[in-house]
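What follows is each chain in one-letter form.
There are 4 protein chains.
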Amino acid sequence: MTITQPDLSVFTTLESEVRSYCRAWPTIFDRAQGSYLYDEDGHTYLDFFAGAGSLNYGHNNPVLKRALLDYLERDGITHGLDMSTTAKRAFLESFQNVILRPRDLDYKVMFPGPTGTNAVESALKLARKVKGRESIISFTNAFHGMSLGSLAVTGNAFKRAGAGIPLVHGTPMPFDDYLDGRTPDFIWFERLLEDTGSGLNKPAATIVETVQGEGGINVARPEWLRGLADLCRRHDMLLIVDDIQMGCGRTGPFFSFEEAGIVPDIVTVSKSISGYGLPMALTLFKPELDIWGPGEHNGTFRGNNPAFVTAAAALETYWNDGQMEKQTLGRGEQVESALRAIAAEHSGASYRGRGMVWGLTFEDTARATAVCRRAFELGLLLETSGPQSEVVKLLPALTTTPEELDEGLRVLARAVRETD
Amino acid sequence: MTITQPDLSVFTTLESEVRSYCRAWPTIFDRAQGSYLYDEDGHTYLDFFAGAGSLNYGHNNPVLKRALLDYLERDGITHGLDMSTTAKRAFLESFQNVILRPRDLDYKVMFPGPTGTNAVESALKLARKVKGRESIISFTNAFHGMSLGSLAVTGNAFKRAGAGIPLVHGTPMPFDDYLDGRTPDFIWFERLLEDTGSGLNKPAATIVETVQGEGGINVARPEWLRGLADLCRRHDMLLIVDDIQMGCGRTGPFFSFEEAGIVPDIVTVSKSISGYGLPMALTLFKPELDIWGPGEHNGTFRGNNPAFVTAAAALETYWNDGQMEKQTLGRGEQVESALRAIAAEHSGASYRGRGMVWGLTFEDTARATAVCRRAFELGLLLETSGPQSEVVKLLPALTTTPEELDEGLRVLARAVRETD
Amino acid sequence: MTITQPDLSVFTTLESEVRSYCRAWPTIFDRAQGSYLYDEDGHTYLDFFAGAGSLNYGHNNPVLKRALLDYLERDGITHGLDMSTTAKRAFLESFQNVILRPRDLDYKVMFPGPTGTNAVESALKLARKVKGRESIISFTNAFHGMSLGSLAVTGNAFKRAGAGIPLVHGTPMPFDDYLDGRTPDFIWFERLLEDTGSGLNKPAATIVETVQGEGGINVARPEWLRGLADLCRRHDMLLIVDDIQMGCGRTGPFFSFEEAGIVPDIVTVSKSISGYGLPMALTLFKPELDIWGPGEHNGTFRGNNPAFVTAAAALETYWNDGQMEKQTLGRGEQVESALRAIAAEHSGASYRGRGMVWGLTFEDTARATAVCRRAFELGLLLETSGPQSEVVKLLPALTTTPEELDEGLRVLARAVRETD
Amino acid sequence: MTITQPDLSVFTTLESEVRSYCRAWPTIFDRAQGSYLYDEDGHTYLDFFAGAGSLNYGHNNPVLKRALLDYLERDGITHGLDMSTTAKRAFLESFQNVILRPRDLDYKVMFPGPTGTNAVESALKLARKVKGRESIISFTNAFHGMSLGSLAVTGNAFKRAGAGIPLVHGTPMPFDDYLDGRTPDFIWFERLLEDTGSGLNKPAATIVETVQGEGGINVARPEWLRGLADLCRRHDMLLIVDDIQMGCGRTGPFFSFEEAGIVPDIVTVSKSISGYGLPMALTLFKPELDIWGPGEHNGTFRGNNPAFVTAAAALETYWNDGQMEKQTLGRGEQVESALRAIAAEHSGASYRGRGMVWGLTFEDTARATAVCRRAFELGLLLETSGPQSEVVKLLPALTTTPEELDEGLRVLARAVRETD
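Here the protein sequences line up with chains A, B, C and D, keeping their order.
Counting with my numbering, you get residues 1 to 420 for the letters of the first sequence.
Counting with my numbering, you get residues 1 to 420 for the letters of the second sequence.
Counting with my numbering, you get residues 1 to 420 for the letters of the third sequence.
Counting with my numbering, you get residues 1 to 420 for the letters of the fourth sequence.
Do not rely on the hints blindly, as some may be mistaken.
When chains are identical, the list treats them as one kind, so a pair holds in a single copy or across two.
EDC-like cross-link-like pairs, simulated, lysine to aspartate or glutamate; straight-line CA separation at most 20 Å [claimed, not checked]:
{"no.": "1", "residue 1": "K129", "residue 2": "D236"}
{"no.": "2", "residue 1": "K202", "residue 2": "E377"}
{"no.": "3", "residue 1": "K129", "residue 2": "E404"}
{"no.": "4", "residue 1": "K129", "residue 2": "D7"}
{"no.": "5", "residue 1": "K159", "residue 2": "D230"}
{"no.": "6", "residue 1": "K159", "residue 2": "E194"}
{"no.": "7", "residue 1": "K326", "residue 2": "D406"}
{"no.": "8", "residue 1": "K286", "residue 2": "D106"}
{"no.": "9", "residue 1": "K159", "residue 2": "E316"}
{"no.": "10", "residue 1": "K131", "residue 2": "E390"}
{"no.": "11", "residue 1": "K65", "residue 2": "E377"}
{"no.": "12", "residue 1": "K108", "residue 2": "E288"}
{"no.": "13", "residue 1": "K131", "residue 2": "E17"}
{"no.": "14", "residue 1": "K326", "residue 2": "E190"}
{"no.": "15", "residue 1": "K326", "residue 2": "D230"}
{"no.": "16", "residue 1": "K108", "residue 2": "E17"}
{"no.": "17", "residue 1": "K129", "residue 2": "E336"}
{"no.": "18", "residue 1": "K108", "residue 2": "D195"}
{"no.": "19", "residue 1": "K286", "residue 2": "E325"}
{"no.": "20", "residue 1": "K202", "residue 2": "E403"}
{"no.": "21", "residue 1": "K131", "residue 2": "D290"}
{"no.": "22", "residue 1": "K129", "residue 2": "D180"}
{"no.": "23", "residue 1": "K159", "residue 2": "D290"}
{"no.": "24", "residue 1": "K159", "residue 2": "D195"}
{"no.": "25", "residue 1": "K65", "residue 2": "D75"}
{"no.": "26", "residue 1": "K108", "residue 2": "D230"}
{"no.": "27", "residue 1": "K131", "residue 2": "D230"}
{"no.": "28", "residue 1": "K326", "residue 2": "E194"}
{"no.": "29", "residue 1": "K131", "residue 2": "D364"}
Hints listed in this document are in silico derivations from the structure and should not be mistaken for laboratory results.
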């Protein structure tokens with residue numbers, strides 16, 4: 001599609017080699033609206049990546065935009081540390097009324113800093129403080145963040161190696177179906193906990209994603225999550241659900257763990273919580289765990305008030321009834337049906353997912369990268385995931401229309417065909 | 001001043017006990033402009049805290065606001081991961097042209113995630129990877145952040161204890177004048193490095209703040225910084241300057257290390273870099289250190305494009321000539337002169353600082369807290385710092401007018417008098 | 001049996017509470033010969049514990065005693081650091097000629113200090129240095145020693161807690177049959193190694209006991225050991241066999257791994273290597289692994305020359321032909337047959353073992369302790385093992401005669417009956 | 001002296017490259033008596049090394065030899081785990097009556113395993129358990145052993161690197177006079193402890209040698225030791241004196257800390273405690289620290305009964321009165337006087353020491369190795385110490401006669417002259 005090569009020189013000469021997505025999408029984006037991005041040469045891209053799940057309501061959602069502009073125009077507090085502000089109060093009240101209360105969730109809310117890894121770091125600190133133990137259980141192919149605490153419970157060997165120090169105090173356990181159903185759930189995990197001779201340092205907590213996005217769209221069954229919650233309870237470990245990517249409606253309900261009927265001790269929320277792609281994160285926990293001292297964890301940007309404004313607007317706009325959840329499940333069926341057709345057409349292809357998060361994988365592990373590259377040429381933004389980048393990951397905005405979905409799925413089908 | 005007690009119940013019941021600043025300032029802020037905040041009951045507060053140094057150009061600076069509104073209105077990319085965007089390009093070009101090139105600084109730019117601790121984590125990772133060593137030297141009373149990597153090189157025992165695991169791989173050395181001039185600079189540090197029997201794990205890097213803000217406004221002399229840079233060079237350690245709070249003009253020049261004439265290997269920048277209080281951070285390093293693999297460190301909000309927009313506007317507005325630096329040094333003299341008068345009037349009081357960062361301290365360590373409390377009642381926002389909160393910290397916006405400065409300094413003098 | 005209570009006051013008042021075996025055997029031993037100990041009140045005890053496997057040739061074996069007395073009388077070097085001595089040369093030559101060469105084992109010999117944990121520490125250091133990785137795989141219910149390096153790969157939670165620091169860099173895997181045959185061997189271990197997203201730090205080595213003595217007499221099948229050796233080879237990990245308790249003929253052949261036909265990269269040897277109960281240990285490794293620098297690991301008592309003398313005498317006396325192995329297997333059958341009878345007589349009892357190491361276990365986990373207590377009263381020394389002390393452990397000297405074995409096994413049977 | 005080259009092939013081909021002392025002394029030793037060793041070619045060597053301080057009463061001391069032979073001949077218990085035995089009782093009673101009681105020392109006695117590093121590991125574990133903290137303070141150029149716990153508090157970079165993992169939880173402080181008197185004692189250490197912002201993890205304990213043997217014969221002044229004891233008391237840290245090499249009379253009194261008049265909380269003892277060069281070690285601690293659980297730390301050879309026999313004999317023979325201490329101080333003066341003469345004769349030479357431990361050092365750091373090599377050729381065994389092997393270390397047996405001392409000191413003087 002691209003005719004003239006964009007001039008990327010300032011990026012390639014001045015920006016660090018660490019940059020990544022921009023390598024797969026060699027153009028310069030300028031504007032975005034809803035499900036589409038536009039580059040400066042006027043090309044249009046349908047976005048099935050949605051800021052890695054940070055843009056569940058689409059780019060520059062007009063309702064949220066209006067609230068944001070109004071707030072900025074009237075000189076509402078922008079940077080608020082952890083001061084009490086009217087914007088923060090409005091967010092807290094909405095979160096209480098729209099999200100927590102209807103779900104009977106009695107959580108304290110912490111603003112740990114505006115990124116997901118801030119939330120994970122605070123969750124791990126709190127769990128360790130509450131239980132007085134260092135060890136945390138994570139799962140194979142987990143992704144929880146890039147600061148040292150979060151990285152220690154993240155699976156990817158390349159990212160772990162970046163730490164430059166041995167990552168310790170974390171032990172991986174098999175995620176659901178990791179061993180292809182050849183072993184009973186939790187047989188190894190529970191035996192380690194029961195046996196005082198097992199050599200496992202008794203864990204403070206277990207941290208889990210209900211669907212592993214970066215790990216390859218691995219979907220935990222509700223019964224597996226219930227089994228895990230039960231195991232944690234019986235062995236005095238806290239259960240932390242990292243809902244940074246799968247929360248805020250990505251799988252259908254606001255929290256991804258609702259379907260399983262479990263109530264985690266600690267929940268991390270970020271990415272789409274601001275609704276507008278602005279940095280914001282929450283750590284939620286049961287009130288009896290709130291043993292923090294004032295300022296024991298903090299962060300300069302934990303009071304990003306413009307994000308509170310769009311976050312409150314998003315909650316009030318989309319979550320006051322069950323409509324959004326229903327719509328997401330419906331659109332998910334549309335995606336699933338298209339993937340089913342692709343898989344039927346291509347031997348070695350398979351798919352998995354839930355709500356509006358789906359993965360398409362091939363026996364040939366290099367195929368996913370090729371599919372995404374071709375899709376980009378065809379004007380569709382898609383990324384891979386999984387330890388070998390072997391999965392095409394679909395994360396369209398929840399507000400993507402059936403027509404847009406259909407358009408993107410057709411491009412995907414074509415990209416698959418054209419990479420045979 | 002406050003007549004009716006504000007209703008803080010949603011904060012006290014729903015928000016975690018970890019909140020801190022809001023406890024000292026028990027009101028609900030609503031709007032802000034320049035050097036002033038306004039609470040919802042219509043009270044006005046002169047701000048000598050400036051978002052802990054994140055608002056060097058004042059609250060909702062009108063020039064930056066205009067740029068931000070324009071960008072949002074035209075649906076510029078909001079959330080950009082590390083995609084190439086026109087907003088990012090504009091920022092990079094401004095940073096190159098306005099900051100790096102005139103200072104002959106040849107740095108690669110990394111967007112490590114939008115908070116200071118993201119920048120520090122990435123700096124430590126890179127140093128460890130480059131040198132193949134785990135150990136980092138930090139300084140007494142350093143503050144570098146709250147995620148585990150940054151916390152391990154932070155001095156405060158209360159915050160360190162929050163980690164819930166033993167913090168290792170870091171060794172503190174005495175900051176400038178820590179031992180009251182009773183020992184030669186670096187005598188201990190250098191001996192440890194020279195002696196293969198010393199027991200010090202050979203460090204990958206040293207991380208330092210030129211002025212320790214959280215640590216109590218401890219100002220390193222330029223010759224001490226030069227000695228440190230020389231020590232690092234001679235002993236094959238990287239020098240990391242954490243300029244998160246002291247950079248962006250806080251001490252006068254754009255980078256706080258310019259006065260000493262040193263060129264750190266790695267620099268962390270955050271807080272005021274966006275200019276508008278929006279989350280944004282940079283890690284700068286010499287090109288030969290750029291051995292990152294693509295995506296080896298990342299973060300969802302590392303492409304906070306609205307922040308790039310205000311950042312570029314701030315650079316173009318304030319740093320195209322030497323005016324800002326000159327102004328800051330002049331205003332600093334105004335502050336110093338007022339503090340000198342206060343110290344002369346109160347036995348046991350002393351002060352220290354540089355540019356627009358100053359500390360006022362008392363022999364009675366509880367006094368600073370009392371002064372800040374009284375100042376709040378008088379409509380002035382001030383915070384304490386130091387290991388025992390024994391220092392009144394002055395961080396007015398760089399754009400504070402002489403008249404505003406004068407007003408605040410008079411309130412401060414009164415608060416000191418009234419807490420005798 | 002004991003009529004008068006022995007006066008243990010000097011032990012109970014002066015010695016630390018850490019003492020353990022002496023609590024179960026409340027008498028004062030004075031002399032010992034062959035399979036018997038004698039207390040100072042003239043009582044006789046048949047020893048089925050043999051110094052926890054350090055006295056494979058019985059107490060004060062007369063052949064070794066003669067060699068030792070001769071050496072001491074002629075003022076042979078006693079304490080030799082790592083000097084070359086005639087006694088060390090004689091041992092090395094015997095070890096080469098009697099043990100290594102006939103088994104086609106090409107190992108370098110290291111004297112790491114005279115205790116088992118010295119050998120394990122040196123083995124782990126060497127593996128980490130060779131592979132440049134920190135992580136070590138150990139097995140559930142492993143016991144490798146009490147210094148920090150060894151303790152980190154030991155399973156017992158009580159002993160681990162004694163470290164006072166979090167024990168890291170080790171990960172436990174399921175020992176043979178740990179999950180009751182409900183999962184394929186190594187399914188979890190291998191998947192973790194294959195999957196770069198698993199979160200397992202790539203290990204330098206795996207350390208294993210072929211029979212776990214302290215862990216409860218858990219016997220690894222030869223095919224499991226072969227599978228493990230194969231896994232290590234395929235995944236570039238060193239295989240360390242800790243043969244401290246099971247080597248020196250305890251299971252039949254000199255090395256316990258011979259039956260499986262594997263050749264470990266590193267072997268630790270201690271306990272019965274001196275033959276006389278004197279402190280001595282060896283670390284054996286393939287020549288290509290010998291990348292130690294001179295003195296990189298050392299220890300004051302690594303040249304315990306009297307132990308070299310008895311060790312050489314033991315090798316020459318017992319291992320010049322296959323007689324000892326044959327005899328051990330025969331005596332083992334005698335033990336097994338007696339245990340079979342006991343198990344048949346008592347529901348809930350079961351047994352396991354190999355060569356001259358056996359375990360008798362009961363569904364009632366408290367029973368083993370009761371049986372050992374009763375056995376002591378009847379003049380038989382037995383200890384428990386296993387994470388809950390639920391296993392009666394039989395470790396008679398290999399030189400125990402059929403008649404002595406028969407005597408002890410009858411006492412054991414009686415003790416079992418009398419604790420019903 | 002050596003005419004024919006000894007055949008060292010079995011050592012060079014079969015033993016690991018880790019061997020060290022044997023490289024400097026390329027001969028094969030066979031017998032030893034008192035202050036002399038004899039190689040198998042009939043050469044005689046005067047020993048000024050004494051098993052690195054393990055042979056304070058000379059080689060194969062006839063009194064201890066008699067006791068040992070009697071014990072072995074009568075089949076006394078050889079290997080006793082931690083069983084109560086008559087030999088152990090006799091040792092405990094002697095230790096109580098001859099050592100502890102006359103010095104008013106109320107210590108519990110632990111047998112932690114028979115090597116120095118076992119004792120250090122147990123001391124560190126206990127300190128951490130008692131205080132509930134991980135961090136230990138050690139000193140520059142300390143040597144405490146080679147297992148991981150001990151190595152982490154040892155200074156030598158080469159030996160530390162052998163660990164293969166980053167050694168953490170230890171922080172070095174300057175030993176007495178480390179900074180050449182240019183700083184007040186403990187100025188840095190105490191400031192770190194007082195300042196809650198210093199970044200030092202609060203230590204459980206400080207471990208110190210009163211004279212650093214391996215570290216270069218660095219002698220702590222009594223007032224420095226008293227200052228340290230006082231600092232520990234005031235800051236709630238345990239004081240551990242590692243008296244493994246300097247105890248048992250090496251510096252004059254039985255414990256090297258007696259001269260300073262301090263009472264450590266924990267003391268480690270090994271090397272010369274058995275008196276005969278047999279492996280044995282003790283950990284002593286104040287009764288209120290004895291919170292060990294039974295078996296929480298153990299070791300197979302912790303009941304090396306032959307060593308208890310020679311240990312008791314040594315105490316009864318040499319320590320029943322003050323004669324030994326007096327004699328050591330006298331012989332020390334003889335050594336000092338000879339070293340003074342050498343230093344006077346050679347510019348750049350200096351000496352230091354206490355009792356019967358002395359160091360001779362040269363400005364040319366390579367000189368010490370040359371001196372020791374020449375001394376060996378002249379029939380005198382000497383070793384170097386210090387981080388660069390820059391110190392000739394003199395550790396003659398305490399029983400060395402004035403004539404033998406004189407002989408050795410003359411050889412030393414000649415070796416120094418001949419290496420000019």
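For the identical chains here, do K108 and E17 meet the 20 Å Cα criterion within one copy, between copies, both, or neither? The answer is between: 9 Å across copies meets 20 Å, while 40 Å in one copy does not.
How would you label the pair K202, E403 (within, between, both, or neither) given a Cα cut-off of 20 Å? For K202 and E403, neither the intra-copy (51 Å) nor the inter-copy (47 Å) Cα distance is at most 20 Å.
Within, between, both or neither: K129, E404 at alpha-carbon 20 Å: neither (47 Å within a copy, 44 Å between copies)
I want to check one pair: K159 and D230. Are their C-alpha atoms no more than 20 Å apart within a copy, between two copies, both, or neither? neither (31 Å within a copy, 28 Å between copies)
Reference check for the pair K131 and D364, CA-CA at most 20 Å: within, between, both, or neither? So K131 and D364 fail the 20 Å test inside a copy (45 Å) and across (32 Å) alike.
Intra- versus inter-subunit Cα pairing at 20 Å for K108 with D230: neither (22 Å within a copy, 46 Å between copies)
Homo-oligomer pair classification [E17, K131; C-alpha up to 20 Å]: between (40 Å within a copy, 18 Å between copies)
Please work out whether the CA atoms of K131 and D230 approach to 20 Å or closer within one copy, between two copies, in both situations, or in neither? within (17 Å within a copy, 35 Å between copies)
Within a copy, between copies, both or neither: which one fits K108 and E288 at a CA-CA cutoff of 20 Å? Within one copy only: 9 Å inside a chain, 43 Å across chains, cut-off 20 Å.
What label fits K286 with D106 when the C-alpha limit is 20 Å: within, between, both, or neither? within (6 Å within a copy, 49 Å between copies)
Intra/inter-copy verdict for K65 and E377 if alpha-carbon distance must be at most 20 Å: For K65 and E377, the Cα distance exceeds 20 Å both inside one copy (30 Å) and across copies (36 Å).
How would you label the pair K131, E390 (within, between, both, or neither) given a Cα cut-off of 20 Å? Answer is neither; intra-copy 38 Å and inter-copy 29 Å both fail.
The structure does not agree with the numbered hints 2, 3, 4, 5, 9, 10, 11, 14, 15, 17, 18, 19, 20, 22, 26, 28 and 29 stated previously, though it agrees with the rest.
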